[in-house]
Amino acid sequence: MKLLLWLYPAAWRARYEDEFLAVLEEWPLSPFDAFDIALGALDARIRPRSLAIDLAPRRTHPMNARIAGFAAIAGGVLTLVFIGLGILIPYPNNQYVAFLYPLTAVALLVALIGLSAAQGRRRPVLTWSAVAVPVAALVVSLAGMAGMAVRGDEPLVAGVSSWYLWSFGLVGLIIGSVLFAAATAIVGVFSRPAALTLLAGSALMVLTLIPFGFGFVGSEPWMVPIAIGIVLFSAGWVWLGYTAATRPGLEAAAV
Amino acid sequence: MASGLSDLGRFAEPALLILVALTDEPKHGYAIMTDVEEMTGSPLGPGTLYAALGRLERRGMIEPMPAEERRRPYRLTGAGATTLEEQLRELERFARTGLTRLASSRT
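Residue numbers (the working numbering), protein chains in the order written: chain A, 1 to 255; chain B, 1001 to 1107.
Hint data in this document are derived by calculation from the structure and do not stem from the laboratory.
Listed next, with one range per pair, are the computed distances between beta-carbon atoms: (1) A:P31 x B:L1102: 30 to 40 Å; (2) B:S1006 x A:A38: 21 to 31 Å; (3) B:R1058 x A:P193: 23 to 33 Å; (4) A:V206 x B:A1081: 52 to 62 Å.
C-beta atoms are modelled at their ideal positions from N, C-alpha and C, and glycine is treated no differently.
All chains, please: the whole structure from these sequences, using the hints.
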């Protein structure tokens, strides 16, 4: 029955979907109701001006969503380049690739905060709870990266070296991306398929890249799922960024 | 129907039922639907409910309140109460006229 809601315009869903779903969960639906919902969707599409919200296509949308969108695209592409080159270029030459990490991290940080600011107006508790983990992890990983540049392998905090700090931050980012993607898919302000792609990529990386990175498993049988996870992770960010940077009508989410 | 809701077309009657449902206290969608069903014996479909709610909100007759969990209550505004009173008085006059004529025809 929830699929019927997709018949409504996106701006209508952004305004009414939550409360409408709450009604549908309590009201025993009949075939008449399904027909009635379909008629309501048709009405919202052919007579948008009669409703309380402006459903007409908008040419502009919040600048923070546009900036976050471009940052997400950059973060997705840089993630693919950073991890890809790190794996493909043999040690020790791949150490130079590390310079790409701060750029990747800052891009994803801007994307996470910007996208959450846009969708947090609709579901603030869920959005900000979900994004807290990846944002904190990114800050930790950047601190670890800075520590490596300044103090090398020496312990940085409480006997923990900068490398470990960076690694734990990276792990936190991947796990946090699962939470952020799940929240984004639930809130529905941005593309759900894009959020689910990011969710699939992040989850696959949690299951494969993290055990591989910490040496718990060998490389041979894991390379294919690792590669798929990285590609889905990057594609999810790029797709999410594209929809945020180009999609109009995000103001309705603020209602 | 009086002029206040007549331009709502097929949503005029659902809109009147919603306004009546909101007279005693603010209600969210499901509560409006159950109240209307109790008053009339007929259910109000969810698609019709939200089409009418959108129109009433646009005309300033009702206003949304902050959401409670995922439910958003709506309340009657001053303009909505005025329109509702006019509608009900017109219906009262119509009913009285009809009953008077019916009584006359039986004598």
